[in-house]
Amino acid sequence: MNIWSALEPSQLINLTIIVPLIGAALVVVLGKYPNLRETASITIAVILFTLVLSIADNTFNQVGMATTWVTLLPGLEIAFSVEPLGVLFAIVASFLWIITTIYAIGYMRGHNEENQTRFFFCFALAISTVMAICFSANLLTLFIFYELLTLSTYPLVTHAGTDAAKQGGRVYLGILLSTSIAFLLFAILGTWVSVGTLDFTPGGIFTNAQSSSFVAVLLVLFCYGIGKAALMPFHRWLPAAMVAPTPVSALLHAVAVVKAGVFTILKVVIYIFGIDNLTEIATADVMLYIGAATVLLSSCVAMTKDNLKARLAYSTVSQLSYIVVGALLASSIAAAGATLHIVTHAVGKITLFFCAGAIMVAAHKKNISDMVGLGRKMPLTMIAFAVGALSIIGLPPMAGTWSKWYLVVGALESDKLIIVAVLTISSLLNVAYLLPIPIKAFFNPTDQNPQPWSWSETKEAPLPSLIAITVTTTACFVLFFYPQPFIDLINLIPGVSTTMKGQS
13 MNIWSALEPS QLINLTIIVP LIGAALVVVL GKYPNLRETA SITIAVILFT LVLSIADNTF
73 NQVGMATTWV TLLPGLEIAF SVEPLGVLFA IVASFLWIIT TIYAIGYMRG HNEENQTRFF
133 FCFALAISTV MAICFSANLL TLFIFYELLT LSTYPLVTHA GTDAAKQGGR VYLGILLSTS
193 IAFLLFAILG TWVSVGTLDF TPGGIFTNAQ SSSFVAVLLV LFCYGIGKAA LMPFHRWLPA
253 AMVAPTPVSA LLHAVAVVKA GVFTILKVVI YIFGIDNLTE IATADVMLYI GAATVLLSSC
313 VAMTKDNLKA RLAYSTVSQL SYIVVGALLA SSIAAAGATL HIVTHAVGKI TLFFCAGAIM
373 VAAHKKNISD MVGLGRKMPL TMIAFAVGAL SIIGLPPMAG TWSKWYLVVG ALESDKLIIV
433 AVLTISSLLN VAYLLPIPIK AFFNPTDQNP QPWSWSETKE APLPSLIAIT VTTTACFVLF
493 FYPQPFIDLI NLIPGVSTTM KGQS
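Residue numbers (my numbering): 13 to 516.
Derived from the structure by calculation, the hints contain no laboratory data.
A virtual CB, placed ideally from N, CA and C, is assigned to each residue, including glycine.
One or more hints might be untrue.
As the list claims (entries may be wrong) - Computed cross-link-like contacts, DSBU-like style, restricted to lysine-lysine with a CA-CA straight-line distance of at most 30 Å: (1) K471 / K317; (2) K178 / K378; (3) K378 / K471; (4) K389 / K378; (5) K178 / K317; (6) K452 / K471; (7) K378 / K452; (8) K389 / K317; (9) K452 / K389; (10) K452 / K377; (11) K377 / K471; (12) K452 / K317; (13) K389 / K178; (14) K389 / K471; (15) K389 / K377; (16) K317 / K377; (17) K178 / K377; (18) K317 / K378.
To be verified - So the derived label-pair ranges between C-beta atoms look like this: (19) T80 / N220: 27 to 37 Å; (20) N379 / D175: 18 to 28 Å; (21) F454 / Y45: 23 to 33 Å; (22) E126 / I479: 19 to 29 Å; (23) V41 / T219: 21 to 31 Å; (24) V40 / N503: 17 to 27 Å; (25) E292 / M512: 29 to 39 Å; (26) I30 / E126: 24 to 34 Å; (27) N319 / E126: 16 to 26 Å; (28) D297 / P245: 17 to 27 Å; (29) I479 / C312: 27 to 37 Å.
Work out the full structure: start from the sequences and follow the hints.
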């Protein structure tokens, strides 16, 4: 049931952006009262999620939703509109904001973190910018809030205030801002000059009137200008940001930043270039194979990392390029797989980061080599880690199975057998760098743990963190058996379909 049905569609869009800002203000006002501050954070997150569900309900009912804030020039506005891809991203981000907030309460208290009010304040600001990105009606609006997302998450990356945190923050800010200024801004300006519009349009906005070589250059500028998608060699900001607290890592990898990057890639491909037009763009295959190389190379780097968060960070670089590859395959079913991977990767990867944070809080372990036998102390956490790992790998009955299936089918539909090989090898590499972690945790040599294990010896993370881990772990199962709502939403995206060409 649509509980916000009395509101005008434009009001719904505005509220999704404004409500998190109200939450940020409440966090500051209630900063001296942690229980009230955190209650307000969760309450605002739940309200936001219900607003997004109302927008989704309107989308399924084909209710048009749009609003304009400011008209800068004729045809150049800060404006918002609702389309299915943005709705899907908004559902994922708003739901996981609730879960990450619950997790953060347990983590921040259990780890005795300082400046918790600032953390929750910046967290709310970041989600507000994400909602604006989801519903941006044109490239100008998206660019503004894309940059605001970078700025609002910088204090989260440097939260610890250590030299390492400050250095990580400099790399984070430097790469993301420089790619935006050097590439993305010029791509947007070039699009405006050549076409005269920046509006997201089904099927794309380029025509035969534009030079094919110019459009080919623009595609490269967009792919590298969207630095949050972490294509090599502009990926180092993501591992560098791992100095942040684990809830921030979860925000970066599952809820906001990286997903904003690959969402923007999909948005540009679908609504600026047009999926069907990619085969005519000379640089499409170049960027496709750069994405494929990123998939494999980052997986290989992940295998060398003993630090758990560093390994997961390079895993994320690899998984993001699955989405880039799916977007550039010029296949409607591959684009569907890429879009679904936003959802499935989010629940799988956030589970893994939640588990990494739980291990830090409860066992004070960072390195995988120190986690031998840990499953006997933290069985719930390590079982959840195994589930998240299987979902990232793409094995049934886990959520990641479906997105990888559609990506492989899309690659076959496009006659890109080398991409099929890349996806297959990458999944095997996923097995190699993820599964040994829970295996070592549960099946350690007996001479290292000669005493029988019992439940009384367990030492899990604080209850709020365990609740969050349980929810995301359950989601990995549920989305395997019940992915249909997201698939139905994906099939509403112009030019995107989960059905192969020639099938009815």
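Going down the list of hints, with the structure as the test:
For the hint pairing K471 with K317, the CA-to-CA distance comes to about 26 Å; that is within 30 Å, so the pair holds. A C-alpha spacing of about 20 Å is found between K178 and K378, which places the hinted pair at or below 30 Å, so the restraint holds. Under the criterion of a C-alpha separation no larger than 30 Å, the hint pairing K378 with K471 is consistent with the structure, at around 16 Å. At most 30 Å may separate the alpha-carbon atoms for a hinted pair to count; K389 and K378 meet this at roughly 15 Å.
Proposed proximity of K178 and K317 is supported: the alpha carbons are some 22 Å apart, at most 30 Å. Of the supplied pair hints, the one linking K452 and K471 holds, its CA atoms being roughly 18 Å apart against a limit of 30 Å. Of the pairs offered as hints, the one joining K378 and K452 holds, with about 15 Å between alpha carbons and a cut-off of 30 Å not exceeded. Among the hinted pairs, K389 with K317 is consistent with the structure: their alpha-carbon atoms are about 23 Å apart, no more than 30 Å.
A distance of roughly 13 Å separates the Cα atoms of K452 and K389; the hinted pair therefore holds under the 30 Å criterion. Restraint check for K452 and K377: the C-alpha separation of about 14 Å stays at or below 30 Å, so the hint holds. Using a Cα cut-off of 30 Å, the hinted pair K377 and K471 holds, with the two alpha carbons roughly 13 Å apart. Distance hint between K452 and K317 is fulfilled; the C-alpha atoms sit about 15 Å from each other, no more than 30 Å.
This hinted pair does not check out: K389 and K178 have alpha carbons roughly 34 Å apart, beyond 30 Å. A distance of roughly 6 Å separates the Cα atoms of K389 and K471; the hinted pair therefore holds under the 30 Å criterion. Our distance criterion of 30 Å between C-alpha atoms is met by K389 and K377, whose separation comes to about 12 Å. Distance hint between K317 and K377 is fulfilled; the C-alpha atoms sit about 14 Å from each other, no more than 30 Å.
Restraint check for K178 and K377: the C-alpha separation of about 22 Å stays at or below 30 Å, so the hint holds. Under the criterion of a C-alpha separation no larger than 30 Å, the hint pairing K317 with K378 is consistent with the structure, at around 11 Å. In this structure the hint that T80 and N220 lie 27 to 37 Å apart at CB holds, the actual value being about 30 Å. Judged by the Cβ atoms, the range 18 to 28 Å given for N379 and D175 holds: they are separated by roughly 20 Å.
At roughly 42 Å, the beta carbons of F454 and Y45 sit outside the given window of 23 to 33 Å. Our hint of 19 to 29 Å for E126 and I479 holds, since their Cβ atoms are close to 24 Å apart. Checked against the hint of 21 to 31 Å, the pair V41 and T219 fails, with Cβ atoms roughly 52 Å apart. Range check, V40 to N503: about 42 Å between beta-carbon atoms, so the 17 to 27 Å window is missed.
Distance hint check for E292 and M512: the Cβ-Cβ separation is about 21 Å, which falls outside the suggested range of 29 to 39 Å. Take I30 and E126: their Cβ atoms lie about 29 Å apart, and the range 24 to 34 Å holds. Taking 16 to 26 Å as the suggested C-beta distance range, the pair N319 and E126 conforms, at roughly 23 Å. Restraint check, D297 to P245: a C-beta distance of roughly 19 Å satisfies the suggested window 17 to 27 Å.
At roughly 35 Å, the beta-carbon separation of I479 and C312 lies within the given 27 to 37 Å, and the hint holds.
Comparing the model with each earlier hint shows violations of hints 13, 21, 23, 24 and 25; every other hint is respected.
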